[in-house]
Amino acid sequence: MLLINRLDPNLQEENNYKSIVAAVDFDPNDVDPGKQALNQQILGLAASLALSDFAALHLVHVWDVPEAKLVRLWADDPDTAEANMINGERTRHKTGMDALIRMLREQIGTEAYKYLSPQVHFSMGSAHKVIPALVKEIKANIVVMGTVARTGIPGFIIGNTAEAIFDQLQCSVLAAKPPEFVSPVM
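Per full-length UniProt numbering, the very first residue in the sequence shown carries number 1; after that it's consecutive.
Careful: at least some of the hints might be erroneous.
Unchecked claim - For each label pair, taking beta carbons as the anchor points, the in silico distance ranges come out as: (1) Leu70 to Gln107: 32 to 40 Å; (2) Lys136 to Gln107: 22 to 30 Å; (3) Trp74 to Ser52: 51 to 59 Å.
What the hints assert, rightly or not - Computed cross-link-like contacts, PhoX-like style, restricted to lysine-lysine with a CA-CA straight-line distance of at most 20 Å: (4) Lys18 to Lys94; (5) Lys177 to Lys35; (6) Lys129 to Lys139; (7) Lys94 to Lys35; (8) Lys136 to Lys18; (9) Lys177 to Lys18.
The set of hints was computed from the structure by calculation and includes no laboratory data.
Note that the coordinates shown come from a computational prediction; the quantities given were computed from them, not determined experimentally.
The beta carbon of each residue, even a glycine, is placed where N, CA and C say it ideally should be.
Construct all of the structure, not just a fragment, from the sequences and the given hints.
This is how it looks when you write it as structure tokens:
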């Protein structure tokens with residue numbers, strides 16, 4: 001894990017976080033246990049911070065269907081075909097998010113989950129645009145997110161999507177690598 005404090009060095013950091021964002025990413029078609037473990041780790045870390053600091057917890061998943069525009073080229077009814085594709089993806093991602101929420105409830109217990117009452121933000125769009133805007137809107141103090149995409153030395157620090165998001169944030173970031181990650185630098 002890597003904790004990066006993005007606060008102005010001239011400002012004094014508060015002892016407690018007030019608003020925590022857990023940003024999870026998944027592909028409903030990919031049941032890779034490593035990716036599921038990373039999302040579980042992200043949710044667990046964020047929930048633990050929220051419980052210890054009596055903070056608001058926001059669970060965020062951003063999904064997109066870039067290929068929906070392509071279906072318009074060959075469909076007899078382009079509007080309906082695009083809408084059906086988007087609705088199908090929305091349903092699959094919502095099912096995946098619901099499963100993560102159930103897993104979090106089981107992980108921390110029903111009473112702790114009820115106490116936290118996390119707000120779920122489920123948006124269609126580009127993660128590197130939606131997440132920074134949401135973080136700013138809710139005035140989050142810290143974002144807990146995973147980083148997996150890159151390999152080699154660049155991937156040691158952060159992944160592509162995480163890097164694009166990180167550059168836009170004005171709060172602390174707790175970046176988690178998958179449990180099976182082995183550092184290429186010793």
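Status of the hints after comparison with the structure:
no. : hint                         : verdict
1   : Leu70 to Gln107: 32 to 40 Å  : 38 Å, holds
2   : Lys136 to Gln107: 22 to 30 Å : 29 Å, holds
3   : Trp74 to Ser52: 51 to 59 Å   : 53 Å, holds
4   : Lys18 to Lys94               : 27 Å, violated
5   : Lys177 to Lys35              : 10 Å, holds
6   : Lys129 to Lys139             : 16 Å, holds
7   : Lys94 to Lys35               : 17 Å, holds
8   : Lys136 to Lys18              : 13 Å, holds
9   : Lys177 to Lys18              : 24 Å, violated
Of the numbered hints stated above, those contradicted by the structure are hints 4, 9, listed in ascending order.
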